[in-house]
Amino acid sequence: MHITALSGGIGGARFLRGLRRVVSPDDELTVIGNTADDIWLFGLKICPDLDTVMYTLGDGIDDDRGWGRRDETWQIKDELAAYGVEPTWFGLGDRDLATHIVRTQMLSAGYPLSAVTKALCARWLPESDRPPVGLLPMSDDRVETHIVIDDEAEPSGRRAIHFQEYWVRRHAEPAVRDVVVVGVDEAAAAPGVVDAILDAHAVILPPSNPIVSIGTVLGVKDIAVGLRDTRAPVVGLSPIVEGAAVRGMADQLLSGLGIENSAASIAEHYRARRHGGYLDGWLVHDADRDLVPRIEQADIAARAVPLLMRDRAATDAMAVATLDLVEELRT
2 MHITALSGGI GGARFLRGLR RVVSPDDELT VIGNTADDIW LFGLKICPDL
52 DTVMYTLGDG IDDDRGWGRR DETWQIKDEL AAYGVEPTWF GLGDRDLATH
102 IVRTQMLSAG YPLSAVTKAL CARWLPESDR PPVGLLPMSD DRVETHIVID
152 DEAEPSGRRA IHFQEYWVRR HAEPAVRDVV VVGVDEAAAA PGVVDAILDA
202 HAVILPPSNP IVSIGTVLGV KDIAVGLRDT RAPVVGLSPI VEGAAVRGMA
252 DQLLSGLGIE NSAASIAEHY RARRHGGYLD GWLVHDADRD LVPRIEQADI
302 AARAVPLLMR DRAATDAMAV ATLDLVEELR T
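Position one of the sequence shown corresponds to residue 2 (this note's numbering), numbered consecutively onward.
For the record, the hints were derived by calculation from the structure and aren't laboratory data. Don't take every hint at face value.
[Stated by the list, open to error] List of simulated lysine-lysine pairs, DSS-like, C-alpha gap at most 30 Å: (1) K78 <-> K46; (2) K222 <-> K78; (3) K119 <-> K46; (4) K78 <-> K119; (5) K222 <-> K119.
[Claimed, not checked] So the derived label-pair ranges between C-beta atoms look like this: (6) T332 <-> W75: 37 to 43 Å; (7) V181 <-> P307: 23 to 29 Å; (8) Q106 <-> A288: 23 to 29 Å.
Fair warning: this is a prediction, and the values are worked out from it, not measured in the lab. C-beta: ideal position from N, C-alpha, C; glycine also.
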């Protein structure tokens, strides 16, 4: 079986780790990672979601934080702060810094991000591993998410800040007035991305942010077309449980964009494939089982199962439930 997943950072990566544990060693997993969170800082190219997936599946992640390297130290961050180098709100760990240096050197030498990602993954996700995992950036083109917030100092009363500033520096506190994904309309899918979708036996949307993680990947036009054209079932898992995001800032983004904060509204936001959208199936948490009829009225097969990744067993059970729904839809 060839399984393709679209993923953001922490939630998606943790689900994929469980999925990798429950599939057959002969199966193949391809992950298409969000790159709209990427940012240039200190002269380095930072790809937070790609790195979180790579470290998580490669057993190098700091599980307590959910991002960055295990057993990290922060001497370079402290030294930069001592020099007064901005931004001080975004810290790079000493071990993690090596990844960004290698990536930036290769990009500066003319390699596309997809080739750079493959080279980095040779360490963390070697082809000899079973089941094999391939990590692909959604695009080699520069795409960046910006959040529009109120700012009385601006003539318009608003301004756009990079997603990382909104999330890391502002702690997702300002009200969201809009989300602008710069460059996504012109971006092309990275090599291998569309084939991974069209050739898949299953396409999975893990429980990642529907606006700034999965939504940005779907914003790449040929990825969107591939999802609509693939013969594989497309199944997603709700990142919203009992009206609240399990993790992250989805609540603020959904409210700011006028989208109801519920598992059903996210399914309706993605829409059914038979109506020009992206979903064939959708999993909601047990506590949201009353939303199943509403989702099915939108022509999306829905099931209620436990969707909280409290531990390894719970995560693996989520992955099994996802594959069970895939199998139902395939038959």
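Here is what the structure says about each hint:
Only pairs whose Cα atoms come within 30 Å are accepted, and K78 paired with K46 is accepted, the gap being roughly 16 Å. With a C-alpha separation of about 38 Å, the suggested pairing of K222 with K78 is violated against the 30 Å cut-off. The straight-line distance between the Cα atoms of K119 and K46 is roughly 16 Å, inside the 30 Å bound, and the hint therefore holds. With a C-alpha separation of about 27 Å, the suggested pair K78 and K119 falls inside the 30 Å cut-off, and the hint holds.
The suggested pairing of K222 with K119 holds, with an alpha-carbon distance near 23 Å, which does not exceed 30 Å. For the pair T332 and W75, the beta carbons lie near 52 Å from each other, so the given range of 37 to 43 Å is not met. Judged by the Cβ atoms, the range 23 to 29 Å given for V181 and P307 is violated: they are separated by roughly 36 Å. Distance hint check: the CB atoms of Q106 and A288 are about 48 Å apart, inconsistent with the given range 23 to 29 Å.
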